[in-house]
Each structure stands twice: as C-alpha cells, then as structure tokens.
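Top line first, the protein sequences correspond to chains A and B. Take 59 as the starting number for the first sequence in this note's numbering and just add one per residue. Take 284 as the starting number for the second sequence in this note's numbering and just add one per residue.
Quick caveat, the hints were computed from the structure, so don't treat them as lab data. Predicted model only: the values in this text are computed from it and were never measured. For glycine and all other residues, C-beta sits at the position ideal for the given N, C-alpha and C. Treat the hints with care, as some may be off.
Selected chain A positions facing chain B (in silico; Cβ < 7 Å) [to be verified]:
#1 234
#2 317
#3 318
Only pairs whose alpha carbons sit at most 30 Å apart, straight line, appear in this in silico DSS-like list of lysine-lysine [to be verified]:
#4 307(B) <-> 168(A)
#5 71(A) <-> 494(B)
#6 71(A) <-> 400(B)
#7 494(B) <-> 400(B)
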Amino acid sequence: MSMASAAIGRREKRNVFLLTLVLALAAFIWLFPFIFSFIASFKTGNELFTNIWGLPERWDLSNYQSAFRGLNFERSFLNSLFVSTSVAVLQCVTGTLAAFAFARMRFPGKEIIFMLFLATLMIPGTVTLTANFLILARLDWIDTYWALIIPHGASGFSIFLLRQFFMTIPVELEEAARLDGAGRLRFLWSVLLPLARPALTTVFIFQFISNYNDFLWPLIMTSSESLRVIQISLSIFTDLEATANYGPLMAAAILTMIPTVIIFAFMQRAFIRGITRSGIK
Amino acid sequence: MAAPSRERQGVIKSPRRRSFSRSKLVEALSAYLFLLPAAVILFAFQYLPAIDVFRLSLTDRLLLRPFSNFIGFDNYVRLWNDDRFWNSVWNTFYFVAGSVPLQIALALLLAMALASKIRALGFFRTTFFLPVVTSMVAVSVVWDWLYHPRIGLFNEIIKLFGGDPVAWLSSSQWAMPAIILLVVWKGTGYYMVIYLAGLMDIPHQYYEAAKIDGASGWAMFRRITWPLLAPTTYLILILQVINSFQVFSSVYVMTGGGPLRSTEVVVYYLYQRAFESLEFGYASAISVVMFLFLILLTVVQRVFIGSRVNYDR
Numbered sequence: 059m060s061m062a063s064a065a066i067g068r069r070e071k072r073n074v075f076l077l078t079l080v081l082a083l084a085a086f087i088w089l090f091p092f093i094f095s096f097i098a099s100f101k102t103g104n105e106l107f108t109n110i111w112g113l114p115e116r117w118d119l120s121n122y123q124s125a126f127r128g129l130n131f132e133r134s135f136l137n138s139l140f141v142s143t144s145v146a147v148l149q150c151v152t153g154t155l156a157a158f159a160f161a162r163m164r165f166p167g168k169e170i171i172f173m174l175f176l177a178t179l180m181i182p183g184t185v186t187l188t189a190n191f192l193i194l195a196r197l198d199w200i201d202t203y204w205a206l207i208i209p210h211g212a213s214g215f216s217i218f219l220l221r222q223f224f225m226t227i228p229v230e231l232e233e234a235a236r237l238d239g240a241g242r243l244r245f246l247w248s249v250l251l252p253l254a255r256p257a258l259t260t261v262f263i264f265q266f267i268s269n270y271n272d273f274l275w276p277l278i279m280t281s282s283e284s285l286r287v288i289q290i291s292l293s294i295f296t297d298l299e300a301t302a303n304y305g306p307l308m309a310a311a312i313l314t315m316i317p318t319v320i321i322f323a324f325m326q327r328a329f330i331r332g333i334t335r336s337g338i339k
Numbered sequence: 284m285a286a287p288s289r290e291r292q293g294v295i296k297s298p299r300r301r302s303f304s305r306s307k308l309v310e311a312l313s314a315y316l317f318l319l320p321a322a323v324i325l326f327a328f329q330y331l332p333a334i335d336v337f338r339l340s341l342t343d344r345l346l347l348r349p350f351s352n353f354i355g356f357d358n359y360v361r362l363w364n365d366d367r368f369w370n371s372v373w374n375t376f377y378f379v380a381g382s383v384p385l386q387i388a389l390a391l392l393l394a395m396a397l398a399s400k401i402r403a404l405g406f407f408r409t410t411f412f413l414p415v416v417t418s419m420v421a422v423s424v425v426w427d428w429l430y431h432p433r434i435g436l437f438n439e440i441i442k443l444f445g446g447d448p449v450a451w452l453s454s455s456q457w458a459m460p461a462i463i464l465l466v467v468w469k470g471t472g473y474y475m476v477i478y479l480a481g482l483m484d485i486p487h488q489y490y491e492a493a494k495i496d497g498a499s500g501w502a503m504f505r506r507i508t509w510p511l512l513a514p515t516t517y518l519i520l521i522l523q524v525i526n527s528f529q530v531f532s533s534v535y536v537m538t539g540g541g542p543l544r545s546t547e548v549v550v551y552y553l554y555q556r557a558f559e560s561l562e563f564g565y566a567s568a569i570s571v572v573m574f575l576f577l578i579l580l581t582v583v584q585r586v587f588i589g590s591r592v593n594y595d596r
C-alpha cells in the first residue's frame, strides 16, 4: 500500500516536472519576441543583417536616439499620458456615480436603464465610426483632445464592475452612516470610496491601459502633429522607416510598450481582477 | 414618473406617509442625477451613432460635401455587387476561423497546466499575459521584423531546421496565417486568465472522487473539466468572435490589406471607404451589415449554445 502510493507520488512528481518543462518552453516562445526585439533595438547598421542571433557588439543607444526623435517621444508620450489618465479618471467618476445609483438607490426604471447601460457593450466600436465622426464634427471636436477623451468617459464595463463591488458592501454600513447624520454623497465620499479603492484601481488601470493602446480611434479623430498619441506616432514612424531600418523601429516599439508593461508589473492583480471579476469583458 | 404620483397619494393619506414619499422622490431624483454623466456620454457616443449609422447608410453622404441625398437601399445594392467587399468578408471569416479555435484551445491548455499545482504560477501567468497589455501597433512592428524574409528570426529558425524560408507578409498565401499567429500569441493570455478563474471554481472533490473511481486524465477532462467550464467557454467564444471580427490594427501596420488584398478584412475596407475615399454613406452601409451580422451571431450563439451551458454550480 505504502509502496504503491509512493509510486503514485513519484509519478505525479515526474508529471509535474514534465509539465513545468513544457510550460517553460511555451514561456520562452511567448517571451521570444520581447527578448529579441529588445536585443535588436541595440544593434546598429549592418549588425541586424550579419549578427542575427547574437548579442550586440556594443550596447549602443543610437537607435533609441533616432526613435526618440522619430516618435517625437516627449510630446506623443505626454499626449498619451494625458488622454489616458483623463479617460481613466472620468471613467472612475461617471462609473462610481452610476454604479452607486444602481447598487444602492431605488428609482423607477432602474432595471431598464441598467440593461440599456450594459447593452452598450454589445455595440462594436468599429461600426459606429462614421456616425461618431460626424457627431464629433458637429460638436467641432475633431482634432481636439475632447474627441480623444469625452466619448470614452463612461462605459458599461466600469459601471458594471463598480456596481458589483458596491453591492458587496453591507447596507448596515450606510444605515449607520445615515444615523450619524451623513448624507448620501457624504457616505459615498467618505465611507464607500475608501472601501472601493481596489475596485477603482482596477477600473483605472484597465481603462488607462486600453486607452493607451488604442489606435483606430485616435487615427480617425485627430490629424495634427501636436495631438498625436504615441500609437499614432509609432505607426507613422513605421511608415517612414519602411526601408527595413529595423534597429530604430525596435527601439520605438520598446519605448511604446514599456509604460504599460511597467504599470502591469506593479498592478497585475488589479488588472486581472478586472477581467475575471466582471465576467463580461 | 411613478415617484411624483406616489407622492401625491401620500399627500392625501397622511403627513407621515408624505415625508416618506418625499424622501423617495428625493432619492429617485438624486439617482437620476448620479446617472446623468454616464448616460449623456453613453447616449451621445454609443446609442446615437449606433442609430445614426442606419440613417447614414441610406444616403450618399461624402465627408467633404455637407449635403447628402436619401438614396434608399442603393448603397446595399452596390455592396451586394462589390467584389472587394466580399473579398474582405471572406478574409475576415478566414481570420476568425483561424484565430478563434486556436486561441480557445491554447488558452484552455495553458490554464489547465497552470491550475495543476505547478511552481512559479505567477511567473508563467505574467509571461503569457504580457502581450495582452502591450499595444497591437507595437507588437505588430516587432512581428513585422520577425517575419522579415531575409533577416527575420522566423525564417532563421526554419532554416535551422532545414526548411525553406517563407515570404510571410509579402506572400498572399502566408500573410493571413502570419497575422493569425500574431493575434493568437497576443490574445491567448487574456482568455487563459478567464479560464484559470473558471478552473479555480471547480470543486476539488470532483477530481478526487473520479480518481478513486479510477478515471483517466482524459475521462476527467471529458466528464468534469470541459462540461463545468462550458459557461466560461461560452463567454470566451462570444467575446472572442466579436473581437476577432473587428480585427484592424495588425492589418493596418503589417500589410495594409495586401499583398493583393489577401489580408483586407472588413474593418480595414470600411476604414478605406470612410477615411481614404471619404464615402461615408457607403462605409456606413458596410458598418450596418457588420453590426447586424454581429448581433445575429450573438443571438444565435445564445440560442444554440447558451441554452446548453446552464449548469448549477
């Protein structure tokens, strides 16, 4: 009996080992584009042609200098930072207010309005591009920061996620606050919001990263150079460097990726929670 | 509307009821106030354009011409006879058929591997998820280089194993598979995380009971994992299909629809019509067709698959 279970234990150990090996291989394949584009971003001149697999002879930063110039990095990065932060903050504000109403207040038409809010998730962004462009044109917002920020300032996703969270907070807490004479806004601001910090972080990170990575919307809604977000700058830089000058291109791609990767490294839990908890996106 | 009328009833009945209903009215009014900012944005930039695109599709609206005429279904007739449109439809289906099953299978396999008492779970999860948080434009630039026929690493690997180099993005045969591969690499981690959460929800005892009964690994997968994950798979399928039909950025950066329009997908064609040739009416007709198709697809999925995945958990 004990010999048999020892044999099973050994077999399980071997299986786990093999599985880890397979996973390690898969992980290498997954990291491969990052690792090698990073290495290539330091290779200059002919090295990309002659020294395909090796490390660069010299860790030369000149590709990054060209990428910095080519992307107009400071400007486009600040644009991206500004737009994405504004969108994320706006989503938190509109989301909190709406979610609070849905989770905690009684009013006629609640169910229908909630369904209408959620149903926006079923409207694919690409099919409303033409009509949205004309709406923004009528508002005279084309080629302004408004066009990049306001239309993305609310989403069924954020509202749903925050509502789910607010519903887990016991009603007694609100009743107690009420007895202490706190009004609704007061309760929301000084009791609920501090408690909701994890959920708000999730919404913020999620919206920030999706917005930072968004391409089609800014491509259509802006045209002047001063408004270019980093994804647009990168795509234009790619067109200009089309003659296989891959060193600066890899540097530019790395520069573009780094901010979200860093945020993700620190905020992984919050981000993944956004996917698994919401169950809708 | 119901709140004020109830308040009026309260006025007649008793002073106490009156203050009660009054607070109800205040509650309803403040709730509407709380909903207002989100409602305005969602209405103005989601519902309004979603409705307006139907109207636009019945006009000959050009972007640079402020007036437009109602032309009935002319755009749709033109669309029906537009070979380039059908080509983009075909390419999109090719893309969806290639990327969706691959991503689901890979996501499930990875999630199952990660769920089985593996070490360094955090490292693996981060690794597979990393492409998800990077931008499609940036990774397309990287993969464009990896696919380069002469200095790209993929062909170098093929050569290492003694194979013949592939023209990848400059071959109308290989360009679409190349894009599919990129998208699978980029997207799988997202669905893996959803699967992982689903797997964590399956009670241990099921597997332990099955083991005592001597069930094989495959039997446990067939009888426990797969059926209990059905709601998750269903959710992933809906998300993925809708996402996949909207593929754009990778095509824009890597191939521009080429070579020979072999990667021109519907959204790319729509973009060309709307923002290159500025035919807003016609582009709106393409949008409407795609919109209706996606709605239909969601409904069909709900009816045919959704009804079969309701397990009590």
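CA of residue 71(A) to CA of residue 400(B), is that 30 Å or under? Roughly 10 Å between the alpha carbons, so the hint for residue 71(A) and residue 400(B) holds.
Restraint status (C-alpha distance of residue 307(B) to residue 168(A) at most 30 Å): holds, 14 Å
With chain B as the partner, please determine if residue 234(A) meets the hint condition of a C-beta pair closer than 7 Å. violated, 18 Å
Have a go at the residue 318(A) hint: is there a Cβ in chain B nearer than 7 Å to its own Cβ? This hint holds: residue 318(A) lies near chain B, its Cβ roughly 5 Å from the closest one there, short of 7 Å.
For residue 71(A) and residue 494(B), compute the direct alpha-carbon distance and say whether it is at most 30 Å. holds, 17 Å
Using Cβ atoms only, decide whether residue 317(A) comes closer than 7 Å to chain B, and label the hint accordingly. violated, 10 Å
Is it true that the CA of residue 494(B) sits at most 30 Å from the CA of residue 400(B)? Holds, at about 16 Å.
Taken one by one, the earlier hints fail for this structure at numbers 1 and 2, listed in ascending order.
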